[in-house]
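Both chains are given apart, each in its own frame, so use the hints to dock them into the complex.
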Amino acid sequence: MNTPALLQAIANGERSAREVCEAAIEQIGATDSQANAFTERTFARARAEADAIDGRRAGGEPLPPLAGLPYAVKNLFDIEGVTTLAGSRINRELPPAARDAVLVQRLQSAGAVLLGALNMDEYAYGFTTENSHYGPCRNPHDPSRICGGSSGGSGAAVAARQVPLALGSDTNGSIRVPASLCGVWGLKPTFGRLSRRGSYPFVHSLDHLGPLADSVETMALAYDAMQGPDPLDPGCHALGVQPVGGVLGAGVAGLRIGVLGGYFSELATPAARDAVAQAAQALRAHAPVQEGVAWPDAGLARAAAFVITASEGGSLHLADLRTRPHEFEPHSVDRFIAGALQPADWSLRAHRFRRMYRDKVNALFQEWDLLLCAATPVSAPAIGTEWLEINGQRHPCRPAMGLLTQPISFAGCPVVVAPMWPAGSALPLGVQLVAAPWREDLCLRAALALQQAGVAHL
Amino acid sequence: MSDEDVLAYVQAAAKAMALPMDEARARAVALHFGRTVAIARALDAVPLAPDQEPAEIFRPAPFRAMEPRA
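The listed protein sequences correspond, in order, to chains Y and L.
Counting along the first sequence from 1, when you hit position 436 you're at 436 in the working numbering, and nothing is skipped either side.
Counting along the second sequence from 1, when you hit position 31 you're at 31 in the working numbering, and nothing is skipped either side.
Quick caveat, the hints were computed from the structure, so don't treat them as lab data.
Keep in mind that the hints are not guaranteed to be accurate.
No farther apart than 20 Å at their CA atoms in a straight line, the calculated lysine to aspartate or glutamate pairs in the EDC-like style are these [said to hold, decoys possible]: (1) K360(Y) - D3(L); (2) K15(L) - E4(L); (3) K15(L) - D3(L); (4) K15(L) - D5(L); (5) K360(Y) - D297(Y); (6) K15(L) - D334(Y); (7) K360(Y) - D51(L); (8) K360(Y) - D5(L); (9) K15(L) - D297(Y).
For reference, chain L alone in the conformation it holds in the complex (with noise of 0.2 Å):
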């Protein structure tokens, strides 16, 4: 991904998030921006099966033992 590629990432991503950025604004995030990238791609070449889900899971409620119903 080219340092214009990232720019144009992010000034398209700030419009899709309703984030107002100046040009100057815009090349600092790309920046940053571009050493996620970098980092990111570590990641994405780590094969994850469909079964690993993430560590923590969304809980509706504590778990209570089955009580008889009406």
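Chain Y on its own, in the form it takes in the complex (with noise of 0.2 Å):
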């Protein structure tokens, strides 16, 4: 049974929310000790959410949208009565958290039903989840390889059918690189779409959250009833709500797409090329797609993104850095020291960069409603790879999983990760849908389209 059909179930009374909750904790039982996703397991607070709902049912009351639905959240995310890791060591020290995360709290409003917290890479600083405190995240399609990061535990939760539906948070590209490795559905939100109130920070310019799905349906649900505005985010620059959920099936012809060449195809290895030339060709079935678009600066904007990552990120974590290196992880200690020692000016520039470069993709975005380019430049490598050879090229392989991502984001513009299949890959690899910002309904729209072909699926 299919998320928008076992949602329908419950509102029907056929299943109940309580018998769906147990089997997502049966599940979760069932894979986690290959999986490594759960850092902590809130079922008694999911026991009573969905006994909740099915008590509001049997009174007769109309349920809301996602009413029994399980999921969980990245341990970034205040879960009231449980301390905020942000996969973390040293704020095991921090005391629980006094109440939600706003997200937290409009997906409970929304009647969804929490099964506990995500492994991450510590404090959001990486994109393979190879967490030394809680050992790494392993991808349910192959377990000797990486589920991406920084969200990782989301993907693999995903992946693992524990919870259909998972919240991460995208600074660079760390919803986005678990969808592709994993092969799950995310959506990175326009930058100030979604209020971050209640997430433990990395990169307060940059920070976005979001979630990863098992289906467009889902996806979408659980971003409508997360939007809202937040003048207490600042954040968060939405000024009212934009619902998606009653323009997701208007397909996309008339749309102008295109498909990013140069640097998106540059460091795109042979299998991710073929993942964004199947999704161009089942596009091209209801609009024309154009191939070799070029997007404005995307090398400067990665060097821009990752100045300004290293810079706050160092700056965030000083105090700790000073007195306790030797308890941060060992795989982004000395990157957050770097940052921490970089000259202002690097910092300052990037910025300046940053609104003209807004200004040049919002021109493109002139010309175009959606253009598409891989997620990662590879399927996901094995857990502790050290290099990468991308078209002859060699890369250090965790910085690397970003290179697609990095500068999308940096614009702040929307997106959605399809998840594609390489031919004659048995590893998923995903495609980005991108659209100008606030339209969100685009990459939904193209999405659902390529769910329907049947060619982006779990």
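This is the structure in structure tokens:
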């Protein structure tokens, strides 16, 4: 039973929310010793939330849109009564969160049932979820391989069918990389669309939150439930709600669709290019798709995102880096320190460049409605991989996983990652469906077209 | 910038930032810092006019229409 049908069955009383919750708990028990997605299990809360849904139905109340839907969140989201680890050992000393993060509150209001918190790279500084404190997250398609990161637990939990929905964060690609490597749907909304309040930050000027899910419909329902202004989050720019549920099935006919060339083609392996070609071919049944569209200044944007990330991330943790560096994740502590030592000019220039870059990207979207490119250069590498070769060039593996995502999030554009399956590969590789800021609806319409064509799926 | 120059910068900047660091840590940090130097060089070459401001600007309070003052 797919998730929309499951929600319908709960609403009709054919299945109880408690029964669905227990099935998720059983699946987590059966698969998590391998996947290592969960770092905290909130099963008592989940059962109480599920029972409350069943009680409301029994009392004749209309149910909210996600009633009974099991989900879990990256462990940088506050959960009332649980310490927010953000993948770290140091944060274990923090008191339990006094209240849920805003997005968790909104999902609870929509009837979703929270099963727990999920593994991630420490303080979100990584693309692999090879977490030394809590163990590496293992890819459900091949446990010797990474899940991507930093929301690796979120990707793994959906791919292992533990939950149909997980929340993640994306600063430079941390929703899109695990969605790509685990073969699940992912949505990084426009920068400023969803409130980040109650989540542990990484880079204030680049952090986004969003869903990973088992279907386009699940992702869209969750996205709509999480929308809403938040004047208390200085990075939340949305002043109203723009639901996508009503337009999801509008199709892509009439849209101006292109495939990104240049930087995005040069840094994609043949498998990644094949995934993009499959998506383009499927969309071509409804609209013309032009190859070789040039995205402005992609390499410079990646450089600027890299510099800002290192500087803000290093500054955020400077006090602990001074006194207890040995308690940090060995994979990222030296990068945090290097970031803290950067000259101010680098970050200031990067921020000034960002404004000019934003204008160029927005000008590009005067000509296009939707642009496609791969989400990662490769499918999931083996855990512990240090170097990657991409079209004859050697790259350090961990940062290279974000090569294709960083330039896009730096412009703040909304992106859906579609789970594609390159020919001849048993491993998935996602395709980014990119639209102009505030046009998540276009990304999701194209996503549904790919899902209905049968080329993008778990 | 040579590897030794990068290492010297890292050690001096660490002192300025009150970040204690042994030789092994300094060399590991310098490896990452050296990569960022190369990345930052590309940005340094982008011409930016003086009026090209950062994208986000501090806001002291939400803007309100002028109200008559007593």
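Going through the hints against the structure:
1. K360(Y) - D3(L): violated, 36 Å
2. K15(L) - E4(L): holds, 17 Å
3. K15(L) - D3(L): holds, 19 Å
4. K15(L) - D5(L): holds, 15 Å
5. K360(Y) - D297(Y): The hint holds at about 9 Å.
6. K15(L) - D334(Y): holds, 16 Å
7. K360(Y) - D51(L): holds, 17 Å
8. K360(Y) - D5(L): violated, 36 Å
9. K15(L) - D297(Y): violated, 36 Å
Checked against the numbered hints given earlier, this structure breaks hints 1, 8 and 9; the rest are met.
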